[in-house]
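In case you want the letters, here they are:
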Amino acid sequence: MNNKIKIGILSGLLLVIIISGVLLLKHKDNRQEENLTSANPTPITENQTSPTKTESQEPEKSYKLDTISLSTGKFYEENYAELDVTDEIKASISIFNDKLYHIEERQIRQLDTKEVYFELGSYYQNCCCFSIDQRGIVWLIIYENEEFYILGFEPNTTEPKKKIMLSEFTQRIQNDNYMYPLSSVSKMQIDEKYIYMQYRLASNFLLIFDHSGNLVREIENCSDFWIEQESVFVLTDITLSRLIVEEEQSLWEKTIFGSCLIYYSTAFDQIFVLTRNGIERYDKEGLSEPKTLMQFGTDTSYTMDDSFRLSDGRLIVNFIVTSDASIYIGAKEVKIISEDPFLVQETLTLYRHQWKEDEPFDEYTYTITAPYKDPFLVQAIRAYETRHPDIHIKLEYTYETREEYLEHFLDYEQAFSLRIMTGDIGDIVMWGGQIFPYSSICKTDAFLDLRQRVKELEIYEDLNQNVLENMEINQQLYALPISMWYDYIWVDEETAERNGIDLETLTYAKAIELSVQWRKEERADRIFDDNTGFILKKLFSTNLPQLVDLETRSIHLRQDWFLKALEQYKELLHARYFSNSKNDGPYLMGNRIIKAVSGYRDRSVQISYVQEEAFLKRFNNESQINQKYHPDLCGEYARNIRVYPAEVYLISSRSTHKEEAWDFLSFLLDPIMQKNSDLKGVAVNIKAEKELFDAQYRGYNNTVNEEGWKMLEKVYKAVDFSYWEPYLIMDMMTPISKWVEDTTGKLTLEDALTQAEQNLSLRLNE
Amino acid sequence: MSKKREISLKSYRRRRENKGLLFILPSLLGVSIFYIIPFFRSLGYTFTQGIVHLKFVYFKNFTDLFQNSAFQTALKNTGIFILAGVPILILLSLTLSLLLEKESRHWKRFALLTPMVIPGAAFLLGFRSMFDSYGAVNTILSKFGDFNTDFLGKHSFLMLILIYLIKNVGYVTVIFSGAISTISKEYLEVFRLESSSGISYVRRVLLPLIAPMTFFAVVIAIMDCFKVYREMYILYGDIPPKEIYMLQHFMNNNFLKLNYQRLSTAAFLVVAVISFLIWLLLRLQNRFRPE
Amino acid sequence: MRKVAGRCFTGVLAVICLLPFLTLFFRSFMSLEELGLGEFHLFPTKWSFRQYESILLMNKEYFYHFWNSVKYVGMILLFDIPLSMLAGYGFSQYRFFGRNMLFFLYIILMLMPFQATLVPQYLTLKWLNLLNTKYSVILPNIFHAFGVFLMTQYMEGIDKELIEAGRIDGLGDSSCFLKLIIPLCKPAVSALLILSFLDYWAMIEQPVVFLRDPWLTPLSVQLNSISSTGLLAGGILFSILPLLIYSYGYQDLIEGIHLSSLK
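Chains as they are written, first to last, in my numbering: chain A, 5 to 770; chain B, 71 to 361; chain C, 15 to 277.
Just chain A, same shape as in the assembly (with noise of 0.2 Å):
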C-alpha cells in the first residue's frame, strides 16, 4: 500500500510539473499573439488624401521602371517626383500630418499641392537642415557667424518662437575640422525632451541634444533613426534597435542583413525598414516577424544592391511611408552638366509604391503543395499574382524551414506517397533534391505529362535543352526541373596536357590506373586531390547504367575493369595517395590535375559567381596553377554525367485547373523568377543565367566575361541523366564502400559484392 501511494505521488507530481509547464508556455504564446493582433494595421482613414489621390483613381504598382526625363521641378506624374536637390538641404524630405514638405525656391512646400508652409527668407543660406516636428512647428538648423544654433517657428510666421543653441555641437565641428558645416547635419528630429541630430562624418553619428544644447548621448555608426513617443529606433550598421535615451541597454534589437533605412509611422504604429531586398515592417515591441511588404525584383523592376544604389547607380536617401499604405522611396543621382565651368545637377526622384494588405481568400484557384515554406516560391506566388489579378494560389506546406524538412524527410516522404495515392494533394506539387523518388514517380500515372508543353513554350530556347530532354524517362516528362544541381571538377589544364591526358576522354577508372602507374614512376604530379570519397560515388554513377540494367533487370557488378578500379583505388587509398595535406600523408610536390567541387550551393546573386570566381583567381595566384572548370570525367562507356534538380514541379493528374496551373509553372521559368536570389541552383534558363553572371562582371574586362562564361555553359550544358538514382547508388555502395575502409582484412571482396549483389537484386524486383 504504501508503495501505491509513493509511486501515485511521484506520478502525479510528474503530470503537475508538465501541465503547468505547458501552460506557462501557452501563456506567453498567447501573450504574443494579442501583440501581433493589435500591430496588425487598419490604415487610418481619418487625415486622409492628398489631392492627387482623388485623381489618379487605382495607384499603380510601380512594377515597371518609368523613363525618367529629367527636367527639374517636375511634380507626381504618376508614381514619381522629381526635385533639383543641388543644394544639400533641399534633399531632406519631412512629413508632417501625413503630408510631405520640402524645399523649393526658399520656401518650405507641401509636395503635392504646393502650398507653402513657411517661408524661409534670409535663413534659407544659413539653413543647414529643418524639420517639422509632431505639433508642425519649423525648426531649422542655422550656422552663422560659425556658431550653430537652432530656431522654432509656427508657420507662416516670421519671428522665431524658440531659439536653441548647440555650443557643443559647434565645438564638436571645429574639432572635427568639419569642412562644410553646412552640409554636416543630414537629417534632424525633435520633440518635447531632446533634439536628434544625424551628424555626417565618415561614419554617421547620431547626436542626442537636451533643449539646452548638452550632449546627453551618441551613437556612432548610425545610418538611419527615426523617434517615437518614448523611444527612439536606430539603425546601426545591420542592427535595428529601439532604446529609450536615458537608458543604457535597449529594449530590443533585431539583426537585419542589407538594411538601409527605417521609417516609424504613428498611423500603423510599426517600424518599415528598407533593406537591399525590399521593405519589411515590424512590430513596435520586436516581438514577431517581419512582414515583407515590397521586394526589389519581384515587386519592382529595379533591385538594390550592396551599396545600397539602384540598379542605374542612384542612391536612395530618402524613405517615407503615408497612412494610405504608399511608401516613397528618394533615390538621389549627381549628372554633371558641364565640365568647364564645372557644374553639378543633383536630382532627386520620388518613387511611390502602394502595397496591399493580404486579405484571406475563400476562393483559391488552386493550390500547391511543398514541404516546406520555400522562399522562393513564396516569392513566385507573390509576383505571379501581382500580374494576374483575378488568380488566387493557396501554398499548403508542411513544415516551417528547410531544415525542419531536412530532418524528418524520411517521415515525410511517407506521408506524402499515401497522400500520392489518395489524391490528397494540391494540383501542383513541389519537390526537389537528390531523394526524389523519380523513377517511380514515372511509373504511374499520378502526374501529367509535361513533354509536349515544354517544348511549345515561347522560351524554350533559352532554356537548357539537354536538362530538360535527358529528364526523361521512357519519352516521357513528369517533373519540370527548374534548377539543377552540378559536380563539376576544376581542372589544370596544362599539366594535363603535359602528361598527355585528355580530359574529354578521360573516365575515372583509367583515372585510377593511372594514378596508379603514376605512383610507381613516383611522378611529382598527380591526377585527384580526394579527400572527400568522391571518386568511388562518380565511378559508380558514372557507370551505373552499364553496372545494372534497369530494363531487363540484371546486375553486371562483375566486370573486369570495374573490379581492378575497386581494387586500385582501395590501394591508393590506403596508401593516403589522394591526400592534399601536410598533416595527412605525402605531401603534393607537383601539380594536380582534379579537383572535385560539389554542386550544392544555396544560390545568392552576388555570392556565388564572384566568389568562386575570385577564389579560383586567388588560387590560381597562389598555387601558380591554371585551374579551369570542366565537367566530370566520363563512365567507362559511354559519358552519362549525372546531375540532379534542386527544385522540381509535377502537376497532378487529378487537377481541374491544368492549363492554369501550366501557366504558373512556365512562369517559374521566367527570367524574372530564374535570377531570384531564393533559387537555389544553377537555373535551367540558360540565358537568364548568362544575365546574371555578366551582371556580376559588369566594368570587368569583356574577354574575361566571355571565357569564363564558355567554361561554365560548357559544364551547364553537359548532361546525360538529369536525375539521381539514389537508391541504386546507396545499395551498391554501401557494402563496398565499407570493403574499401576496412583496414582489418575480414572482409573480402567476394563478400562485399554478394551483398551489393542482393542489395540490388532485391530493389530491382520490389
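Incorrect hints may have been included.
Okay, derived cross-link-like pairs now, SDA-like style, lysine to any residue, Cα gap no bigger than 25 Å in a straight line [said to hold, decoys possible]: (1) C:K60 x C:F43; (2) B:K125 x A:N769; (3) A:K447 x A:L669; (4) B:K312 x A:L768.
Facing chain C, a subset of chain B residues (Cβ under 10 Å, in silico) [what the hints assert, rightly or not]: (5) P96; (6) P108; (7) L170.
Keep in mind the hints are simulated off the structure, nothing from the lab. All of these numbers come straight from a predicted model, not from anything done at the bench. For each residue, glycine too, the CB sits at the ideal point set by N, CA and C.
Using the hints provided, position chains B and C relative to the given structure of chain A.
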C-alpha cells in the same frame, strides 16, 4: 407439450445468447468503420492497377507476386523467423513468469520491461553499443583472442532474434504473470497432495488452465514479429542483408514506390496464411480447455 | 539448488535486458563531445546535464509533444478499456450467431500489418473529416482489436461456476457483468492498461501519416528523428511515465483473487 417447451427453451436460450451481440455492439461499430471496411476495400485494390485511372486486372497481381523473387525471399524469411522466434519467446516468458512469481527482488521485473519502454532509436543505441565492433561483447571476446566478429553484418538473423526476444520478453511475461496469478492456490495445494513434481504440475494443471492466455500470447508474439520491423529499419535501412529481408520491407518499399496494389496483394496473402495458422491454434486451444 | 539456478537465470536475463536502458541512462549524462567518440564506454567521465538542459529549458517543443502523448494515450485508454471489457464479456460468455466468425475476424484484423489498410483508413478518415486532427490518432486506436482479444481470452478463463452461481442468485446480465465480472478482472485490466499504454505511447506509423502538422505529433515521433541533440535525455524522460504506470499496475496484476472470499 414438451416439444413446445423445448422450442421455447431453445429460442429463449438463443435470445439469451444473442444478448451477447448487445455487449459487443459498440466495439463492433468502431471496428467495422475503421478496420473491417478498410480491409475489404484494400481487398478490392488487389484486383486493380494504376493510381489515378484504375484498371481491372483480375488475378494478375497475384500471379505476378508469386513469381517475384523478392517476395519469395521475404516470405521465406518471415516464415523462418516466426517459426523460430515465437516458440522461444513463449517458452522463455513462461519460465520467467513462473520464476518471478516468487521473486522478492523488484528490480528484475523492471529490468525485463525496460527494452519495451524506451524509444526504439534509443534502444538500438544501447543494443549497438553491445554488439558493435567496439561494443561490449566484442571487447570481452577480444580478451580471449582475435574473435572480433561483425555481429551486425554477418550474423544479422541472430541479432534479429535477439532484438525480438529482448524487446518482447517483458511484454509477454506480463501477460503470463497476469494469467498465472489468478489461478487459485487451491489447485496447487490439491496437486501437491498427489505429486511433488513441479514440471508435471506445470504440464498437467497450469497449462490447461491458462490455455486461453497462452493462445493470446502466441498471437501477440506473432504480431510482434511484424512490429520488429521498426527496429530493423533503424539498423539497416530499407534494404537489409538478404537473410533478414522480411515481408514488411517488401511492403514498405512498395508503398514508397507508390505501388499500393502489390502491397495489398502481399498483405492479403499474408493474412490468408496467418488465418490458417490461427485457425489451427484455435483448434488446439479448444482441445486444451478444461472440462 | 533449483531455486538458486532459477534466481541466477532470471538475474542474467534481467541484466541483459537492462543493458540498453543503462547505456541510455549513462549516455544521457554525457557531454556532446563524448557522445561523438566512436568507442564504447559506459560511464561518463564527466557528468554533464547539458542534454537535459537543452530539452527542458531551451526547447519548449518537448513539453508540447509530451503533453500530446499524454493526451492521446489517456483518451485512448479511457475508452478502450471499458469497450474491451464489454466486448470481451460478450464474446466469452455468449455463443451468439456468428460469434466464432466475428472473433476470428477480429484476430485477423489485429494481425494485419499497418501498411495494408493504410490507404482505405486514410480515405475513411478523410471522409469523416478527421485528418490532421487528434481524433485521427485516437479513434482508430480506441477500437483496436487488441483490447477485446485480451479481455475475451481472460474472461474465458473465469470459472463458469461463478457465473452460474450469480445467475441462480437472480442477477440479470448487466448486473452480472457489473457486480461479478468487473471485480474479477482487475489483473486483466492492469495487464491491458500496461500493455496498451506501452503500445500507444510508442506509436509512430499512425501519427506520421495521419497528422500533418508537426506540433500535433506525439513525443514518440519526435524522438525517432535521430538528429536531435537531446535524444538520449529525451529517451529517459520519455520512459519515466511508462515505468511508473508499470510499477503502479503490477501490484494489481499479480494480486490474485482468492476464491474463498467469494464463497
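Evaluation of the provided hints:
With a CA separation close to 8 Å, the supplied pair C:K60 and C:F43 stays within the 25 Å bound. Under the criterion of a C-alpha separation no larger than 25 Å, the hint pairing B:K125 with A:N769 is consistent with the structure, at around 22 Å. At most 25 Å may separate the alpha-carbon atoms for a hinted pair to count; A:K447 and A:L669 meet this at roughly 22 Å. The straight-line distance between the Cα atoms of B:K312 and A:L768 is roughly 13 Å, inside the 25 Å bound, and the hint therefore holds.
For B:P96, the suggested interface contact is upheld, since its CB lies about 6 Å from the closest CB of chain C, less than 10 Å. About 3 Å separates the beta-carbon of B:P108 from the nearest beta-carbon of chain C, less than 10 Å, and the hint is met. A hinted interface residue such as B:L170 counts as satisfied when its beta carbon comes closer than 10 Å to some beta carbon of chain C; here the least separation is about 6 Å, so the hint holds.
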